[in-house]
Amino acid sequence: MYTSGPVIVMQLPEQLKRAEAEAFCSELQPLLEADRPRLVLDCSLVQDVDSAGIEMLLHCMEETMKRDGDLKLAAISPVLAVMLELMRVDRLFESFDTTDEAAQSFQAFPVQAVPQTEPWYASAYGALGDLKAAS
Amino acid sequence: MLAGAIVVVDGEESYDLPESTALQGSRGSALVDGPLVCVEILGKSLLERTVERLLSSDVDVVSVLLDESVAGCTPVVRRASNKLKLQVVEDIWVAAAQSLCEFAETGIDHAFICKGSAYVECDLVDMLQFHRDRHQAVTRAFDRDGVLDFWVADCAKVKETNLVFLFEREAEPNFSSNYFVREYVNRLAHPADIRRLVVDALRRHCHVQPVGREIRPGVWVDNGAQIHKRARIVGPAYIGRESRVQEDTLITRYSNIESLCHIDYGTVIEDSTVLKNSYVGIWLDVSHTIVRGNKLLNLGRDVVLEISDSSMLRELSAVSKDVKREPAAAVTVPSLAFAPSE
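If you read the sequences in order, they're chains R and P. Mapping of the first sequence onto the numbering used here: position 88 corresponds to residue 88, and the numbering continues sequentially without gaps. Mapping of the second sequence onto the numbering used here: position 7 corresponds to residue 1007, and the numbering continues sequentially without gaps.
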């Protein structure tokens, strides 16, 4: 596991069946209980998965969303992709080609992009504000 | 036509799995155990269809030689005929040479020899005439993609020779000595070729006719199939013998459900093949896939997946309780009561 700013990236194991899914979920549990958890799961190693593994992913996503966070999948292996499609849950997850892209997607609207010294609408309505003040 | 035919089905791997599939296969998940020619497609195996085509072309004797290793997965050839001889043999090429000798002794001059590694539809009379005109011992067929494992031989001339020489795969096709097949050819080099064959058959691009009745344009249903009134079958599609399709399912886009299958509630089968004796669980989305038992080959991603969860996919036994025990009245559509097709 490694962190990238506030985004936590974790690697899914090669086998993702009931036993592995439970072990992974218990490892992930403290992170899921944080405020606004932002998780990226690196799925590149997954070579064997069953319905328990998919249920675990759904459970993790549900937990993160309960706390206003999100869970994204990165580098999905073909085996996992087939299983997600078969169980019709592929549309529920946001997925990316790489973990970097997934991590960056959490910061699509960085705080720095909006100047904090003046109201957010100042750039659009600054001239109008001046006009109102003058009148 | 005074000619014989020898159909050879050997035990060698008849298709090459791609690298990604082979990785999965290393855990024992190759999709089909035997030759693809023995797999039931649209109600009959291609081996059975080949034999029937030879018999209907007035070939006098058809000798089917099965390697010992594939005898277990070989389908029954249902057409009874005194012209047909089935043999399980230890060495197929020795047996083929013996068959040629027998043909020669019984006055049969020429024999078609086809290896069950490809499905070839060609004009046999035209090919035999081509062979006779050239006065050569053996004439090999080829198509635009290269040579085919399909020959016509002069029994007297080749009976003493080693037949393995016939199978030089690198042989370059030659228009003057090889016969060019203009009709349909499917090389069955990969399980994906099963899908291509199904699509071609349902589009009527070849002579493979689905077994059963066409209840609506493009929708074929075989004897004893049970389709719930709330299931949607959008043609072209095929539902095999004694298969069950449960409510709220959708079968569409050239999909075929072979015999004794069970497609459970709410599942979508799209552009896919479900091979014989397979159960597909509830609320699944099976697209661009071949399913056999608890294994599936996704053609889009070229991946074989073995599913351990039996509520999703599993193999039904030949006399499955899943299919037979439940009350049929609940799901049988009265209008689908068929007379035997053969």
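One thing to keep in mind: the hints can contain errors.
[Stated by the list, open to error] Rough simulated footprint, nothing fancy, chain R against chain P, three-plus residues with beta-carbon under 8 Å:
1) 1234-1245
2) 1299-1312
[What the hints assert, rightly or not] Simulated crosslink set (DMTMM-like; lysine to aspartate or glutamate; CA at most 20 Å straight-line):
3) P:Lys1157 <-> P:Glu1183
4) R:Lys17 <-> P:Asp1309
5) P:Lys1229 <-> P:Asp1200
6) R:Lys66 <-> R:Glu55
7) R:Lys17 <-> P:Glu1306
8) R:Lys66 <-> R:Asp100
Hint data in this document are derived by calculation from the structure and do not stem from the laboratory. Here a beta-carbon is modelled for each residue, glycine too, at the ideal position from N, C-alpha and C.
Now the hints, each set against the structure:
{"no.": "1", "hint": "1234-1245", "result": "violated (count 0)"}
{"no.": "2", "hint": "1299-1312", "result": "holds (count 9)"}
{"no.": "3", "hint": "P:Lys1157 <-> P:Glu1183", "result": "28 Å, violated"}
{"no.": "4", "hint": "R:Lys17 <-> P:Asp1309", "result": "10 Å, holds"}
{"no.": "5", "hint": "P:Lys1229 <-> P:Asp1200", "result": "28 Å, violated"}
{"no.": "6", "hint": "R:Lys66 <-> R:Glu55", "result": "16 Å, holds"}
{"no.": "7", "hint": "R:Lys17 <-> P:Glu1306", "result": "12 Å, holds"}
{"no.": "8", "hint": "R:Lys66 <-> R:Asp100", "result": "24 Å, violated"}
Checked against the numbered hints given earlier, this structure breaks hints 1, 3, 5, 8; the rest are met.
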